[in-house]
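Assemble the whole structure, with the sequences as input and the hints as a guide.
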Amino acid sequence: MPRLKLKKKKKGKAVNGRKQELEEPSSLPPSLRMASGVPNYKIILCGEYGVGKSSIFRRFLNNTFTTENSKKSTIGLDQCTRPFTIGKAEVKLTLWDTGGMERMSFIGSSYYRGAHAALLCYNSNNKETFSILSQYILDIVMNAEGAKIFLCGNFADGEGKDKVEEADMDTFMSECEDVLSGVYDVSCKDNWGLQEMFEDMAKVLHTDAMNRATIRRDLIRPGETPELDEETQGKKRCC
Amino acid sequence: MDEKYDVIVLGTGLKECILSGMLSVDGKKVLHMDRNKYYGGDSASLTPLVDVFTHFNKPKTKEYGRERDWNVDLIPKFLMANGQLVKLLVHTGVTRYLEFKSVEGSYVYKDKDKKIYKVPADEREALGSSLMGIFEKRRFRNFLQFVQEYNEEDPSTWKGMDPNQSTAAQLFEKHGLDDNTRDFTGHAIALYLNDNYMAGPCKDLIRRCRLYSDSLARYGKSPYLYPLYGLGELPQGFARLSAIYGGTYMLDKPNCEIVYDETGKAIGVKDAEGVMAQCDAVVCDPSYAKEKCKVIGKVVRAICILNHPVNNTKDAASVQIILPQGQIKRKDDIYVCVVSDAHQVCAKGFYLAIVSTTVETGNPEAELQPGLDLLGAIEEKFVVVSDLMEPTDDGSTSKVFITNSYDATTHFETTCDDVVKTYKRITGQDFDFSKVKHTDESTGN
Chain A
1 MPRLKLKKKK KGKAVNGRKQ ELEEPSSLPP SLRMASGVPN YKIILCGEYG VGKSSIFRRF
61 LNNTFTTENS KKSTIGLDQC TRPFTIGKAE VKLTLWDTGG MERMSFIGSS YYRGAHAALL
121 CYNSNNKETF SILSQYILDI VMNAEGAKIF LCGNFADGEG KDKVEEADMD TFMSECEDVL
181 SGVYDVSCKD NWGLQEMFED MAKVLHTDAM NRATIRRDLI RPGETPELDE ETQGKKRCC
Chain B
1 MDEKYDVIVL GTGLKECILS GMLSVDGKKV LHMDRNKYYG GDSASLTPLV DVFTHFNKPK
61 TKEYGRERDW NVDLIPKFLM ANGQLVKLLV HTGVTRYLEF KSVEGSYVYK DKDKKIYKVP
121 ADEREALGSS LMGIFEKRRF RNFLQFVQEY NEEDPSTWKG MDPNQSTAAQ LFEKHGLDDN
181 TRDFTGHAIA LYLNDNYMAG PCKDLIRRCR LYSDSLARYG KSPYLYPLYG LGELPQGFAR
241 LSAIYGGTYM LDKPNCEIVY DETGKAIGVK DAEGVMAQCD AVVCDPSYAK EKCKVIGKVV
301 RAICILNHPV NNTKDAASVQ IILPQGQIKR KDDIYVCVVS DAHQVCAKGF YLAIVSTTVE
361 TGNPEAELQP GLDLLGAIEE KFVVVSDLME PTDDGSTSKV FITNSYDATT HFETTCDDVV
421 KTYKRITGQD FDFSKVKHTD ESTGN
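Heads up: the sequence lines are chains A and B, in that order. In terms of UniProt numbering, the first sequence opens at residue 1 and continues consecutively. In terms of UniProt numbering, the second sequence opens at residue 1 and continues consecutively.
Please keep in mind that the hints were generated in silico from the structure rather than gathered at the bench. On a predicted model such as this, the values are computed, not experimentally measured, just so you know. Glycine included, each C-beta is placed from N, C-alpha and C at the ideal position. Heads up, some of the hints might be wrong.
[Said to hold, decoys possible] Simulated restraints on C-beta separations:
1) B:Lys-329 - A:Tyr-49: 57 to 63 Å
2) A:Gln-195 - B:Arg-68: 33 to 39 Å
3) B:Thr-361 - A:Met-142: 39 to 45 Å
4) B:Ser-130 - A:Gly-146: 44 to 50 Å
5) A:Met-142 - B:Gly-349: 18 to 24 Å
6) A:Gly-50 - B:Gly-274: 24 to 30 Å
[To be verified] Computed footprint of chain B on chain A; a stretch qualifies when at least three of its residues, placed anywhere within it, have a C-beta under 8 Å from a C-beta of chain B:
7) 77 to 85
8) 101 to 107
9) 111 to 117
Given below as structure tokens:
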């Protein structure tokens with residue numbers, strides 16, 4: 001019973017107490033825990049061919065990097081699940097790679113189904129891969145309803161003539177900032193920014209899921225929602 | 001595109017995508033093209049709804065909820081839970097891209113009282129069903145018991161029948177089953193399209209009955225599964241398999257042409273701009289090599305939008321109804337498949353019912369009437385008659401391997417048979433499932 005009491009207390013200040021609630025594993029809504037075990041969030045990689053989506057995938061998979069320009073190293077592999085700890089809560093992220101289908105054609109609506117998030121990737125040293133992003137955002141919004149969108153600039157280690165400038169970024173953000181849930185710069189080659197990015201995404205996704213669950217828990221449908229009886233009210237008062 | 005491939009696959013229908021996946025897994029270099037902008041060819045699910053109207057050249061005058069909630073199959077089929085396609089999905093790992101739900105009910109039409117009945121699938125249900133009279137029920141129960149205990153390897157379970165010599169009709173005769181019971185056993189359980197099986201060996205009938213009951217035993221409710229978002233997800237899943245094993249995909253390639261050498265052997269495929277990709281073999285559906293196919297029949301299908309569940313199905317969100325040919329005085333059965341927003345193929349509150357049969361007369365649409373009558377009020381109806389084609393060339397010298405059109409059956413068993421046979425024609429070997437790596441163990445989980 002103490003667990004239940006704790007949950008009720010948190011519920012009262014859910015709006016401000018978001019973070020604390022996350023750090024308390026027992027605050028997971030029982031339905032979410034029992035039905036599906038540890039929450040698992042599906043993230044799809046999106047972006048032009050050659051921006052390093054598979055490199056990001058490989059960093060996620062086993063933290064390796066390869067300069068070999070062949071598909072052999074990821075053959076048969078396009079999906080990977082890793083556990084993350086947010087406060088005391090256990091969550092899982094499943095990252096999906098495209099399998100190179102976008103090279104010549106549309107990747108297919110099936111890829112987007114049920115995605116909680118899309119990691120939109122571009123090459124920081126190739127403006128073209130950046131300016132086409134709005135097209136990808138449209139695809140994501142159309143095919144993966146409600147998915148959060150994260151922006152990731154790869155090759156942040158490099159210097160090039162065709163570098164995405166701050167001005168480009170500002171223009172893009174003025175148009176798209178409100179659809180983005182996170183913006184990161186990473187380098188797969190030098191292995192920086194990646195683990196932080198995955199962890200931050202896990203946190204954002206889980207926070208969002210918890211908030212939604214909280215909203216649903218607070219819903220009242222007169223006639224169906226059990227009304228407070230004297231016992232629970234008494235308990236509430238003594239807390 | 002101007003490269004050399006082992007195999008070029010034309011059309012991204014389910015059969016072609018499974019073959020493409022299998023060949024890529026084998027280590028073949030595969031180029032896979034489609035004339036359409038979308039995956040799936042005839043086995044696509046169309047979305048948004050307005051595309052369905054466009055596809056059938058019909059003006060859209062009414063609103064049916066949110067456009068993008070619709071994923072409308074052009075060819076309706078369900079998966080047998082213990083059938084070949086499910087095995088193929090599991091062996092190849094393609095199952096991880098998909099989610100399924102059980103179909104809620106399996107029904108059969110009885111002409112005598114013009115009603116549909118739940119198909120009794122086990123002994124207990126058989127005894128409780130009002131489909132048969134009291135004595136017939138006992139006979140049917142004995143038949144089901146025989147089927148359950150039958151073992152092809154053990155003659156003592158054959159009970160005096162010879163699986164290869166005795167016919168299906170003789171097996172029914174032995175159990176004293178009447179015509180109605182034979183109709184629904186042969187058509188709603190063994191899922192035969194017509195009565196030709198009666199003269200065939202009874203082991204096939206027994207096997208099919210077992211497939212039904214084994215499928216039913218897996219997830220309950222009915223022996224059928226259906227994927228969320230429609231059947232169009234299936235070819236996409238296998239296309240992904242092909243792609244992660246190195247297959248290259250090109251959509252939106254109209255007017256591709258197979259190029260032959262002077263001996264009539266395929267050597268490549270030329271696109272509309274005249275750029276040619278070379279290959280050792282071509283795999284395609286009949287629409288890409290019509291001159292090497294013949295028409296063996298026609299199928300008529302009516303795709304209907306309803307705003308209510310089908311009567312007498314306990315408001316099931318998904319259901320299959322079979323009208324056996326004997327009950328409606330035809331040579332071929334009529335099939336009704338109903339799906340709804342429970343499978344994410346309709347906007348909320350709507351239902352999709354597809355009625356289909358093999359064409360027997362000059363007025364195909366009228367032939368569907370007994371099935372349409374079961375649906376109640378229909379909001380919108382799209383009728384399409386398609387040719388059933390089969391290749392006249394086995395590909396042994398031309399190296400063009402063509403699949404059959406999708407038949408009128410409501411499940412994927414014949415689809416998989418055709419895939420396995422075509423694979424053998426292409427490679428000369430049976431497909432070895434063990435070659436497909438399971439990726440689960442290497443996901444760092």
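Hint numbers not upheld by this structure, sorted from lowest to highest: The structure conflicts with no hint, since it agrees with every one listed earlier.
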